[in-house]
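Chain by chain, the residues run as shown.
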Amino acid sequence: MNALKFNWRTLVVILGIIFLLIYPLLGASSYMRHLFVLFFIWAIVAANWNLLMGYAGINSLGNIGFLAIGGYVSGILAKTFGLSPWLTIPIGGLTTCLLVTVFLGLPALRLSGIYIALLTLIFADSLPSILTQTREITGGAMGLHEIPPFFPGMTKTGAYYVSLTFFLVILYIVYRVIHSSSGLAFVALRDSENFAYCLGVNKFRERLKVFAIASFLTGIAGGVYVHALGDISPTTLGIEPFLLTIAMIELGGVGTFAGPILGAAVIVFGNEFLRLADTLRLTLLGALICLTILFFPGGLMQLVDQVERWVIRLLTKRRDLSKKE
Amino acid sequence: METIVNTLISGLISGSLYAAMALGLTIIYGVSRVFNFGHGVVALIGAYLTWMALQSFGVPFLPATLFALAAMFLLGVGIYRLAIKPLLQKPNWEFSTVLFMLGAGILLENVLLQLFGPRVKSIPTFLTGRLIIGFVEINGHELALIAIVIIFIILLSLFFKYTRLGQAMRAVAQSIPGARVVGIDIDRIFSYTFGLAFLVTGFSGILLGTKYYLNPHIGWEWMVKGFVITTFGGLGSTTGAIYAAIILGVVEALATLYLGAIWVWPIWFGMFMIILLLRPQGLLGGRL
Chain A
184 MNALKFNWRT LVVILGIIFL LIYPLLGASS YMRHLFVLFF IWAIVAANWN
234 LLMGYAGINS LGNIGFLAIG GYVSGILAKT FGLSPWLTIP IGGLTTCLLV
284 TVFLGLPALR LSGIYIALLT LIFADSLPSI LTQTREITGG AMGLHEIPPF
334 FPGMTKTGAY YVSLTFFLVI LYIVYRVIHS SSGLAFVALR DSENFAYCLG
384 VNKFRERLKV FAIASFLTGI AGGVYVHALG DISPTTLGIE PFLLTIAMIE
434 LGGVGTFAGP ILGAAVIVFG NEFLRLADTL RLTLLGALIC LTILFFPGGL
484 MQLVDQVERW VIRLLTKRRD LSKKE
Chain B
146 METIVNTLIS GLISGSLYAA MALGLTIIYG VSRVFNFGHG VVALIGAYLT
196 WMALQSFGVP FLPATLFALA AMFLLGVGIY RLAIKPLLQK PNWEFSTVLF
246 MLGAGILLEN VLLQLFGPRV KSIPTFLTGR LIIGFVEING HELALIAIVI
296 IFIILLSLFF KYTRLGQAMR AVAQSIPGAR VVGIDIDRIF SYTFGLAFLV
346 TGFSGILLGT KYYLNPHIGW EWMVKGFVIT TFGGLGSTTG AIYAAIILGV
396 VEALATLYLG AIWVWPIWFG MFMIILLLRP QGLLGGRL
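For the protein sequence lines, the chains are A and B, in the order given. Just so you know, we're using the numbering used here here: the first sequence kicks off at 184 and counts up by one. Just so you know, we're using the numbering used here here: the second sequence kicks off at 146 and counts up by one.
Keep in mind the hints are simulated off the structure, nothing from the lab. All of these numbers come straight from a predicted model, not from anything done at the bench. One thing to keep in mind: the hints can contain errors.
What the hints assert, rightly or not - Derived contacts from chain B toward chain A, CB cut-off under 8 Å, selection only:
no., residue
1, L244
2, L247
3, G248
4, V256
5, L258
6, V369
7, V373
8, M418
9, I420
Every residue gets a Cβ at the ideal spot worked out from N, C-alpha and C, and that includes glycine.
The shape of chain B in the complex, shown without the other chains:
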């Protein structure tokens, strides 16, 4: 009983981190139909930038995060302007963007490797101590992570619901011709979407970096996990991605407890196959 509850809680914690990570993928796909195959490395860049600001420049946590997020936004807009935009105008854009982002991911991963070296790094946790209620034990830091993720998701959904930019993004996600008819500049929305998605992804990378160790190669693992989650929840559906992340996080924790960590991946793959066979559009197949 005790172990099960504690396992479920650790599943919830990793699930909420995965949810934050999958959001970036979902936002880009939902609005522009581009699937970001460099996602993991983008998350890593956010984490490494924060680490750099913390360790090398010695700034406190909050400014370091803000610096990293601003840089991620610019990176997203830059990649869209320089590469994705010209690719979108060619016929086979769906797959050429995939291959381009794969190549860019490798490129950036190795740039990180050159700059920071192969040794593992970690972003220091911002809370110590643990919360003990009966037999339930939670790390104070992990509790803070869950709270941050929840606040972050609420802020994002408020942004999509009430700001003009967020509403425009949703309009583009629903129908590009329709959005064009009401006078939305598609190109501008796409570039803001890439910026926003990179920012969200970078933020999730920072959160992951406080819980797990960072090295330049870990991004691929995160990315493939993000892929399973977004497809499981329904491509382009943010709520679906959040549910899927929590389900898969709990499954991961249970599989690790009963079968061993090595079985997590085959089980994820099995669940992924089943959902694709039974319900190809995912749990909540829909739009943003």
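Extracted from the complex, chain A is given alone in its bound form:
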């Protein structure tokens, strides 16, 4: 039964990757390719956010701020100083990691639950006013435009494949982190904090490590964002992207690896349909978040697990019957 479960999941992942690889060749419209680029970026953000929230127990609310820092640093370096995006994206990631870890991680991670949420939220909230203060460099409320793409003359298909590569690589890293010794340490901390301490788990250090990794990867996602889409402005830091990402994680399933990716797919594509609802869109989003938390805390992954268990029971039952015959 375990083998069946394993095979089934691996098969879906492999099929999914193959589909993403050949999708542009199937004659997808430019609009769909754009949506997929958005999906890749937001899935990276959601997966890293979930790494903090679902696994490490760091209740961060400022991850969009990480994205914005990475995006702005990379965008400014590439546009104003003419550096290659391949150089500026890692620089953006590193800058994000350093800034965020020093200014947020070191003070916040020593504190307990709610303080982290407050500090990160207020941090992300103070970024727009800093951006308007540094108008000459960052473009203020107008934002940065015409940021150079990954390579000159890039098409939508080019952007698709570059962001797909980042998507696969970063998600693989997140997967490895979850299954590393840090990941195990978090499981131990969650199951029995005192026992974990006795085994020599240093909570602060483990959390700082994961915080640094997640902020670095989210900063990279910011770089991908600006070079794939070409612009960034303080509206990225607004309430809507923030809520959308929260909804992705909650809807997909907090604390599962595949959940936020599933959630990102549902929200990115679903949000386009919701444009029909116009002003009611945010109302529906808020209601969606509330209802998921209240009635469906495991998210979509809970549903997947349930269906899987149900199918397996059905299959094994049939096998038992055939044995009897």
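Add chain B to chain A, keeping to what the hints say.
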């Protein structure tokens, strides 16, 4: 000199309004350890309800306020019964309530937007004219606001000190098992606490609505200010929140005078960071 004194006074005025606003957050957190991330919108609902009663139904100010406060109390009890109570029984309640209130905040904000539209509104002031002592000039209305806030805070502290319900709330804030041992119904106290906190928050929203313009999105700004104040003063400490609100109100007024309004927020964030680093429990880290 003149400008400094006048700036300090305007700082005190906004500080006392912030204090009223932060109280609602502190009461909920102090008793139930739930952090209300829909706080700003709750304050706005109080203000909008009063506006509606004043403008659409044409009732005078006092009944309009009472109507809004009663509605806020029911809203608080309702949200607790329907959503927070089941969430509190699950393991990760601390963060799931945060996310739930965030979602509920967005939901309610957009309901306000649908009902009242995006245009700014304001609750009419209840006093006109100004008080002039030497070079000090105070708006009569703002003086009334300070007086109302002070009376309100005194009434609240009397309530917590001398009524049975207030004493029970303080007992729950100190220790839930202890309160249970002496026969306090925790669930009932929690639901009254939510009602009371929503009422206080709605009242502060009404006061803010007479000084500032209302629109459905302003609540988030109020809420984040409330967060800084409550953390600065010490989570769950009402006196701490009042001191913090006045300090931050004066800082805001001084920063606006010397550096420009855009610097207020970075300075608040800086002060917030410093207090968290030096004294994570806030100015008066304690309980209700």
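Which constraints among the numbered hints does this structure fail? Numbers only, ascending. 9
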